[in-house]
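S.K.: Using the sequences provided together with the hints, build the complete structure.
If you read the sequences in order, they're chains A and B.
Under our numbering, read the first sequence as residues 32 to 577, first letter to last.
Under our numbering, read the second sequence as residues 4 to 507, first letter to last.
Derived from the structure by calculation, the hints contain no laboratory data.
This structure is a prediction, so every number in the text was calculated from the model and none was measured.
Note that beta-carbon positions come from the ideal geometry of N, C-alpha and C, so glycine has one too.
One or more of the hints may lead you astray.
[What the hints assert, rightly or not] A few chain B residues facing chain A, derived, Cβ under 10 Å:
no., residue
1, 389
2, 418
3, 422
4, 427
5, 440
6, 447
7, 497
8, 500
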Amino acid sequence: MLAAEVTHAGAGAFPLLTALIAVPMVGAVALLFTQRSRPEFAKLLALMFSAVTGAMALWMLKEFDQSADGFQFVSQHTWIEDWGIGWHLGVDGISLFLIVLTAVLFPLAIVGIDPHHDEKPYLAWLLMLEAGVIGSFLSLDLFLFFLFFEIVLVPMYFLIGGWGYEDREYAATKFYLYTFLGSAFMLVALVATAMLARDDLGYLTFDLVDIAEGSNFAASTGRWLFFGFAVAFAVKVPIFPLHTWLPDAHTQAPTAGSVVLAGVMLKLGTYGFLRFGLYLFPEASVWSRSLWLTLAVIGIIYGAIVATMQKDLKRLVAYSSIAHLGFIVLGTFAFTSQAISGSVLQMVNHGVSTGALFLLVGMIYERRKTRQIAELGGLQKVAPIFAAGFMVVMLSSIGVPGLNGFIGEYLILIGSFQSARWWTVVATAGVILAALYLLWAYQRVFHGEPDEDNASFPELKMKEGLVLLPFLVAIVFVGVYPQPLLDRIEPSVDRLVAHVADNTDIDADPDYTTQRGEFEPEHGDDGHGEDDGHGDEADDHEEGEG
Amino acid sequence: MNVLAQADTLPISEPEIWWFALSPLLTLVGGALLLMVVGALTPQWPRGLYAFVSAMIGGAAGVLAIFNWDDISDNGPATLVGGALAFDTFAMWSTIVISGAVVLVSMLADEYIRDTPNDGPEIYALLLVAAAGGIVMASANDLIVLFLGLETLSLAFYVLAASNRRSDASAESGLKYFLLGGFASAFFLYGIALVYGATGSTNIGEMVTSLANRGDSGNDVLALAGIALLLVGLGFKIAAAPFHVWTPDVYQGAPTPITAFMASAGKAAAFGALIRVLISGLPSFRDDWQPIIWVLAVASLVVGSFLAVVQRNVKRMLAYSSVSHAGFILVGVEAAAHTAGEADGGMGISSVQLYLLLYSVIVIGSFGVVALVAREADADLSVFDGLAKRKPLLAGAFTIFLLAQAGVPFTTGFIAKFGVIQAGVDAESYGLAIIAMVTAVIAAFVYLRIMVAMWQKDVEDDAPAITVPVSAAIAIGFAAVFTLVAGLYPSLLIDWSDAITLVR
Chain A
32 MLAAEVTHAG AGAFPLLTAL IAVPMVGAVA LLFTQRSRPE FAKLLALMFS AVTGAMALWM
92 LKEFDQSADG FQFVSQHTWI EDWGIGWHLG VDGISLFLIV LTAVLFPLAI VGIDPHHDEK
152 PYLAWLLMLE AGVIGSFLSL DLFLFFLFFE IVLVPMYFLI GGWGYEDREY AATKFYLYTF
212 LGSAFMLVAL VATAMLARDD LGYLTFDLVD IAEGSNFAAS TGRWLFFGFA VAFAVKVPIF
272 PLHTWLPDAH TQAPTAGSVV LAGVMLKLGT YGFLRFGLYL FPEASVWSRS LWLTLAVIGI
332 IYGAIVATMQ KDLKRLVAYS SIAHLGFIVL GTFAFTSQAI SGSVLQMVNH GVSTGALFLL
392 VGMIYERRKT RQIAELGGLQ KVAPIFAAGF MVVMLSSIGV PGLNGFIGEY LILIGSFQSA
452 RWWTVVATAG VILAALYLLW AYQRVFHGEP DEDNASFPEL KMKEGLVLLP FLVAIVFVGV
512 YPQPLLDRIE PSVDRLVAHV ADNTDIDADP DYTTQRGEFE PEHGDDGHGE DDGHGDEADD
572 HEEGEG
Chain B
4 MNVLAQADTL PISEPEIWWF ALSPLLTLVG GALLLMVVGA LTPQWPRGLY AFVSAMIGGA
64 AGVLAIFNWD DISDNGPATL VGGALAFDTF AMWSTIVISG AVVLVSMLAD EYIRDTPNDG
124 PEIYALLLVA AAGGIVMASA NDLIVLFLGL ETLSLAFYVL AASNRRSDAS AESGLKYFLL
184 GGFASAFFLY GIALVYGATG STNIGEMVTS LANRGDSGND VLALAGIALL LVGLGFKIAA
244 APFHVWTPDV YQGAPTPITA FMASAGKAAA FGALIRVLIS GLPSFRDDWQ PIIWVLAVAS
304 LVVGSFLAVV QRNVKRMLAY SSVSHAGFIL VGVEAAAHTA GEADGGMGIS SVQLYLLLYS
364 VIVIGSFGVV ALVAREADAD LSVFDGLAKR KPLLAGAFTI FLLAQAGVPF TTGFIAKFGV
424 IQAGVDAESY GLAIIAMVTA VIAAFVYLRI MVAMWQKDVE DDAPAITVPV SAAIAIGFAA
484 VFTLVAGLYP SLLIDWSDAI TLVR
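M.R.: Structure, rendered in structure tokens:
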């Protein structure tokens, strides 16, 4: 379907980003033509297509120019000319690792988790989901972004509804309607954005870069538009009062669905805030920051407390996501380079560690056919390697130094402390609560003497170990040596922060644009000299005319 | 029709007639007569030939309309038969939509009515007559002509709705439609009379001139009362709430392919008429009727989507969803109202026509599937249980139509909704756009319910077998492919729809 786009992509250069979307899409279509009686062939095909996508993403990571702060590998073509809609894709430091994470997570989910029935449609939906998620992260056109943002609901709806657990129909419908409701507001806001920007630009376009750089909304207009977008993202993240779909969807989804949902789909919301909230509407973002910070902190504390109370292990992990995503929102609306870099990094970290947690919980369920913490116990005795793997992932989720979760949370907290001190102080308590609910859960599930049912708990199998290994490697690598990631994230984040500062009065306060990696103590107002000069780079991004 | 003005200019001059411009209309009328006469004089035709001829006639009308479209793009719009009919891209677009609906519905109806007492040329002849009436409605440049078209369409529909002689529901549906429709026609006719009283003409061009020159002294009561009555009549035809109450009963009782035709061609014709009357004919009163359109739009959106949720019968669900779609189309009409009568008409009219085209294909496909799955039985939701296991392709096609109706991206349904929302936002009707999108979420629940039944419920053991005849398979397959392909690459259609203008 989308393969047609490949043919008229740019002159000469391989249209890498288009291919990243097209390959899984073609795979999904190809799967429809496989025989139902040969599921292993379907699985091989799906694995092949997702592995090719993963390889391309890794190649993109290698080729990514870490010194540039603009969009790279840009692919821009007109699509619906009369409405000013283009096929505009690009990747920068903010989306880079999210795409790599997505492209790597899917082959692991496909190889690691077998559905209980009907492999063929299951794999086709997964591949379609992958295309949609990658498309959302790559889109630099409002219309295109909305298309992908919406289309991911369909495969996810069918995955939860078709392969989920007992309450799957309820959870799938709730998930669909909640997110669709958010998108309803976004669609109107998005169209209004393009229509109003037409007055500034002189032509109708849905191009994100054109609108963000060229438009000049009145404050009140921008705020309305921003909230239209924000509702959609807040549902997706999910931010505190809009979170109720998440525990149901996560718990009822099949394991691969939960892994993908927690791993990448929630990031569509936080990514959306960065790309379409802060970048498009800097004034409104800054204006409403107290609201978001407050909701983020409530989410952190609330998610942690509710997680502590859960009897279902999968639900516990689901609520822990609410808390973790709260940190990411906190960092986003702190408007410091450090905090936003931390947020971007934490999006990836959360994807890795929560993805792995759901994977492990899925394995427990496959073995014991229960997720109730009370029915588990003493697993460490019978499956020490499994327990060790769980331990590492759990510690990463808690944010123990030396593992990836710490780096992200630390950056968010020190970055936010400069600009949003009291919120950060409260949020820090959430770190402690995370240790409480996860360690307590670990203690109840793994420690003690196994009873009769748990005594036969099988040890980690070779295949499961191989699927888990990349997660563990990522957890330790990022925890010990995050610099390569931050090097690529920070230029783009700096540019975004400078863009926000340029369009608001926020740079009057030195603490908002603190340079990367250097913690400025709160007492000195003189530590802001080095962050000038970002503003000049703002226009200096790659951009082609379609 | 301006009888008074022409009375003193004897002898009556015969209007010049451009036969080729009228050719789509003449093809349909001639085809209907041919089917009736030849069909009555000859013994039963071979299997499927009636439907084939009917589809051919519809197709020919559509092709002729495309030629005419070219002619209009080259030479500009005009009026025909002494100002009775408009010859513009708007009329031709409606002609193409209605003719296309004839083709698809003929293919669906073929197997459906075969081996029933209804198998014969009559159903197809009535389809063609209804199509001709619909085209006259959408291209009328005179209120009397519009009324003639409306009655032609309606009378054919009344008979078609009641055409299943073995079904009480069908007879009930026909009778209900006839009684209520007769009421609506009366309202409409009275409205015409009052507007004639206010303007001295029923010709749309002359009405505009007369209203523009009326000055401040004139008394608008006659015209406003007329507009109100016209809106009642048209609101009934487009099935906008609160004039929608006939829709679920008639849609449910009528033979399903006929329901498909009502929901596609019937809507296209009625919206064509609505735009002719309001946007072309009464732009000087736009401040007065625009709020009514706003209310009708909101009422249709809310009533349609909420009442669809509580239904158990799929045909009723789709009927209520068609009410909510009417609300969406009214969003486009409301947008067009902001600039009615101005040279730059905005995006409203194009978006309405694009919606009508895309929705027609979707809704014919949807009812086509319902016709196959719930042939004789009541189209209760449980009939669809486990359809994906019994007929995966059919379930797949239905899923595409349902997703499109919900407005999911990469389907034409999204393009259609996006078009009217864009037009609404462009006209700064933000509130209406938001209401429309929020009710779309509620409506989405309906489509999800049907999908859950198809994909996640188990088949009942005693479920009757489903046979998929070739002609219906082609029609449904075409509709599904069109829904996806035009959803992925809509720029051509959008390009054409942007060229839609009304003759002035």
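S.K.: Let me make sure I understand: some of the numbered hints might not hold for this structure. Which ones are they, in numerical order?
M.R.: Failing hint: just 1.
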